[in-house]
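Colleague: If you read the protein sequences in the order shown, they are chains A and B.
For the first sequence, the working numbering begins at -9 and goes up steadily by one.
For the second sequence, the working numbering begins at -2 and goes up steadily by one.
To be clear, the hints were calculated from the coordinates, so they are not data collected in a lab.
Honestly, I wouldn't trust all of these hints.
In silico DMTMM-like cross-links for lysine to aspartate or glutamate, where the CA-CA straight-line distance does not exceed 25 Å [stated by the list, open to error]: (1) 298(B) <-> 178(A); (2) 8(A) <-> 190(A); (3) 199(B) <-> 424(A); (4) 67(B) <-> 221(A); (5) 67(B) <-> 289(A); (6) 298(B) <-> 350(A); (7) 298(B) <-> 354(A); (8) 13(B) <-> 354(A).
Distance windows between CB atoms, simulated [as the list claims (entries may be wrong)]: (9) 35(A) <-> 193(B): 52 to 60 Å; (10) 9(A) <-> 66(B): 38 to 46 Å; (11) 201(A) <-> 308(B): 43 to 51 Å; (12) 295(B) <-> 355(A): 31 to 39 Å.
All of these numbers come straight from a predicted model, not from anything done at the bench.
For glycine and all other residues, C-beta sits at the position ideal for the given N, C-alpha and C.
For reference, the chains in residue letters:
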Amino acid sequence: MGKNALTFKGGIHPPHHKHYTETKAIEIAPIPDEVVIPLSQHIGAPCDPVVKVGEEVKVGQRIGESKGFVSAPVHASVSGIVKKIERRPSPGGARVLSIIIQSDKKQTIHESVKPHGKLDDLGPDKIKEIIQQSGITGMGGAGFPTHVKLSPPEDKKINLLIINGAECEPFLTSDHRAMLEMPDKIIEGTKAVMKVLGVEKAVIGIENNKLDAIRTIKVMLKEEDSISVAELKTKYPQGGEKSLIYAVTKREVPSGGLPMDVGVVVQNIGTVVAIANAIQKGMPLVERVVTVTGSGIKEPKNVLAKIGTPFKNLVDFCGGYTEDVAKVINGGPMMGIAQYTDNVPVIKGTSGILILNHKDADREETSNCIRCAKCVDHCPCGLQPLMISKNSLMGRFDEADYYHAMDCIECGTCSFVCPSRRPLVDSIRMAKKEIVSKKKKS
Amino acid sequence: MNNRLVATSSPHIVSKETTTTVMLDVIIALVPAAIAGMYYFGISSALVMALAVGSAVGTEAAIQKITKQKVTINDLSAVITGLLLGMNLPPSVPWWMPIIGSFVAISIGKQVFGGIGNNFINPALAGRAFLVASWPVEMTFWVNPGAAPDTVAAATPLGLINTSPESLQPLSDLILGRIPGCIGETSALLLLVGGGYLIYRKVITWRIPVAYIGTVAVIALVYGGFDFTYAGYHVFGGGLMLGAIFMATDYSSSPVTARGKIIYGIGAGLLTMLIRLFSTLPEGVTYSILFMNVAAPLIEKYTAPRVFGTGGVKK
């Protein structure tokens, strides 16, 4: 093993830091007294609340209705009383209209939650409807509504489904543990998605720092010819959609295009688990596996948490902060979003809560770019980050566009390798925003 | 939680490498060849290098103080400029020459353009070119290894190869460094060891040195009628190793693109051999690199890497 592992060009080898939690079985987090469920946890239109303050709700009950096609409904993750509907800080950074439910700790299941029967008896449209009704979104971080991804236009022929088990972000182990502890659900969810897309082949891509997961899934797949496991080299950003598709198929998603342009759909491990739950139990997406980890937490753990559980509760469940806590991050260290408060809830895209101490969070001052070309050599997109950044910082956004700023996937590789600690991704992000708003105007 | 949370944008972890560690690696890689220079040319050459380093660091600090900038001598880049200049001087130069050379290198070669990362030519070579133009006699006075400075003028291998090839030193002396020449350029072997270290530490890539040295070797082979000994003198004699491994790879003044580095290296090799074979100068490394420095932005512009997803769709 190892030599034949698949991969892409560029990328980096950050320290894994997975030792904190990779061997720890998923623990069920206690039901919080209060959950905060944002009405926008996905890319697309926010939901409208369909419950009122004071109303009683049950687990799995729809409390936010999606307004458009590119949207996903939200459901109550606990039973209890709707206490407030107001704007609350969300891990995305903004204050989002959220439904706050006071839990009665009984976890009464809503009447609408009923098993949908066997997968063999369900048609593709029915499965897609279940996915849409269950509010399932991409659970790797970005949170794109899954049913939209599963509805490619007529002219895009899909012939391969890739399940993203790369989990290339350092520290995070939620997908790893899911692969070890619920491989049956992963395979069931994969089959469901295959049926929706009408594809004959699926590949589960797993980085080879998780050999136990590769083995576990392979054993489960002994009787399956249509699903296979691809061993991927451990390299960041192996789990980026474009890198993953290239590693598995050698197809390049065209600049400005989508995976469907090369006949591929990618789904995250957490997402297919949620799909399996939705079909088997009829339970919408109301809980997920979250890795609570890092140098700033006393007892790092993998937990199964209700959507809407405040970060603070999970921190307490994991022994609390260490003395020198400095940073709380929604997601992994490479692409996660640092929080200014721990009073934000776990949302559908929260794969991890990373807590760093001062030693890990503090940065040296930025100094001049020395043109060492490391950002160029490592960029998985073939960009010259130093040029985009230089132009962006000078306000020359047309030049930044010329250097293909829009092709940046914001993986953070350039900022990671930069010996001068330049704000590379930051300034490229800024350029992308300016370029998009300019194109909208014209 | 009493302390406030840090909310900066991703990524939240960075590599251990900093500008200072990169520069320190370059210094480490230069040390063996510098020690060889002291061994062959005596303690006075240590003084030349020390004065060059001192002047470079002093000039950088003074200019940054005067212009009210942050003093960045701790990044060690001025040490490298001084050390490289010192290693590029004949052992017998008067004591004030490294001081003036480093002053010019840092002030005109580096700081006027905005300091580290912004110089468009290699500062040490700018300093050296200034000295060669101003004091050509002192800058081309060579001594034999082991001889006291200021004694008998000796000839470098590249000086002899066109004029009196019968008195050439054996090739093994070139590789070890037992030949007249600049303080730090004579030991090809130790310079290669330093280059290997830099590639191993990923401070530089193989592209510029291999393209540069390879081009010189190929042209020398063809020109010399596939006489490997003749080509050996061009490769191991003179300043090629020091230039190709340590000077042409200067980050600021060489292209950042992979293909650009190859073209840049080949260009420097072509120019070096053009100068060596068809001009009155026996060397040519300094001017070739300076010339390619100026061409680097242009090369970079036309060698941009292929952006992922722009190679046509494969289905």
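Colleague: Using the C-beta atoms of residue 35(A) and residue 193(B), is the stated range 52 to 60 Å upheld?
Modeller: 58 Å, holds
Colleague: Hey, residue 67(B) versus residue 221(A), does the alpha-carbon distance stay inside 25 Å?
Modeller: 49 Å, violated
Colleague: Using the beta carbons of residue 9(A) and residue 66(B), state whether their distance is inside 38 to 46 Å or not.
Modeller: Check passed, 43 Å falls within 38 to 46 Å.
Colleague: Range first: 31 to 39 Å. Now tell me if the beta carbons of residue 295(B) and residue 355(A) are that far apart.
Modeller: Once the Cβ atoms are compared, 33 Å apart, the range 31 to 39 Å for residue 355(A) and residue 295(B) holds.
Colleague: Under the criterion that the straight-line Cα-Cα distance not exceed 25 Å, is the pair residue 8(A), residue 190(A) satisfied?
Modeller: With Cα atoms ~34 Å apart, residue 8(A) and residue 190(A) exceed 25 Å; violated.
Colleague: Just to be careful, I want the Cα atoms of residue 298(B) and residue 354(A) compared with a cutoff of 25 Å; is the pair within it?
Modeller: Between residue 298(B) and residue 354(A) the Cα gap is close to 31 Å, so the pair fails against 25 Å, i.e. violated.
Colleague: Given the hint that residue 298(B) pairs with residue 178(A), does the C-alpha gap stay at or below 25 Å?
Modeller: 51 Å, violated
Colleague: CA of residue 13(B) to CA of residue 354(A), is that 25 Å or under?
Modeller: 11 Å, holds
Colleague: Quick check: does the Cβ-Cβ distance between residue 201(A) and residue 308(B) fall within 43 to 51 Å?
Modeller: 33 Å, violated
Colleague: Please work out if residue 67(B) and residue 289(A) have their alpha carbons no farther apart than 25 Å.
Modeller: 42 Å, violated
Colleague: Taking 25 Å as the top limit, are the C-alpha atoms of residue 199(B) and residue 424(A) close enough?
Modeller: 35 Å, violated
Colleague: Given the hinted pair residue 298(B) and residue 350(A), is their alpha-carbon gap at most 25 Å?
Modeller: Violated. Residue 298(B) to residue 350(A) sits at ~37 Å, over the 25 Å cutoff.
Violation of the numbered hints given earlier is confined to hints 1, 2, 3, 4, 5, 6, 7, 11; the remaining hints are satisfied by the structure.
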